[in-house]
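The lines below spell out each chain.
Protein chains: 2
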Amino acid sequence: MKLYDFTLAPNPRRTRIFIAEKGLKIDTEQVNIFEAKNRTPEFLAKNPAGGLPVLQLDDGFHLAESVAICRYLEGLHPQPNLMGKDSREQAVIEMWNRRMELNLFAPAGRAFQHTNELFNGRIKQFPDYGATQRETVTQQIQWLDAQLGNRPFIAADRFTIADITALVAIDFAAGFAGVKLDPALKNVGRWHQTVSSRPSAKA
Amino acid sequence: MKLYDFTLAPNPRRTRIFIAEKGLKIDTEQVNIFEAKNRTPEFLAKNPAGGLPVLQLDDGFHLAESVAICRYLEGLHPQPNLMGKDSREQAVIEMWNRRMELNLFAPAGRAFQHTNELFNGRIKQFPDYGATQRETVTQQIQWLDAQLGNRPFIAADRFTIADITALVAIDFAAGFAGVKLDPALKNVGRWHQTVSSRPSAKA
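Those protein sequences? They're chains B and C, same order as listed. Residues in the first sequence are numbered from 1 upward in steps of one, following the numbering used here. Residues in the second sequence are numbered from 1 upward in steps of one, following the numbering used here.
Don't read these hints as lab results, they were simulated from the structure. Treat the hints with caution; some may be incorrect.
[Claimed, not checked] Chain C stretches covered by chain B per the calculated footprint, using a threshold of three residues with CB under 8 Å from any CB of chain B:
1) 27-41
2) 89-101
3) 121-131
4) 194-203
Note that the Cβ used here is the ideal one computed from N, Cα and C, for glycine as well.
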């Protein structure tokens, strides 16, 4: 197997952390998004949607979409479990992973795209819209702080894919979307410190 | 079990079609989003994220997020299979379901929210941004037409959750986001006619 990756992009990082938590070693190949290497005919033959990451399987099939890649690897390597041990736990973890993805990760991405000069000329930017997305990220992190309370992890009594998505979203928001983690948010702060100290966070 | 539902909203429709395909009967209760009934303290105790649908389990647990609800029901009632029979097929179906959700369904929602007067005063609207989302929907349907070719369904040789998401997205785009299906797109047109003629499409 081989993972088409771009170190600076958040979706590939989700997959890299997942792979590290599983204790797997998978070769990677960098595809530079900033140089539009993911829009070449060669890459589009692998993923016609043009996104990263993409996992090339041993028979040459190309599997795209971060969470789909994680689900495939979870099936091949069930331990440690990161996506749920039975139908109900799988559903609860998916609920939380979707909340972190759709309500936190995605608006952080839109805030970045509409306010950062890297996207000047790539998309039609609406900086005022980007500012509303930044505000959404801020509110969602506050919401997460209230939901977390004293719980050690987001979706279960152990680390799961929902923690990966939230970690990557929050780090991305701080690094690229102009939303630093507010130190007054004690629960998210404690959780963030815990998950950031796992070796996988450096993947 | 009971499904908190709102007939006019697209995410609940995804779940209703899934339930119909499974041949299940689940009681529903309407929660009127237009009257902000999903923002009452009573409803937020069920789903603190405030969205629909929500599935109330027999022990009182509330499961939110359309795809998480589908995954739970798939586990309880594996036949007919709608989300994949093994790890690899599950991953491929999830890849396609995510493409339909993130690249088609979500921009249709943003086009609606930023251009429809129903959202005037509910969110800060950016109509010009909404127009770009409409254009994204148009392009994604063209992309889907090219990807489909002669294939009968989107993610497998049978109807799956990816077809449900795409059907709901395309119908929503036509009905609420100002993007009618272009009759020149023969592959999507044929597929749309096939999936729309299934009894579940009326759910």
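The hints, checked one at a time:
no.	hint	verdict
1	27-41	violated (count 0)
2	89-101	holds (count 7)
3	121-131	holds (count 5)
4	194-203	violated (count 0)
In terms of the numbered hints stated before, the structure departs from hints 1 and 4, listed from lowest to highest.
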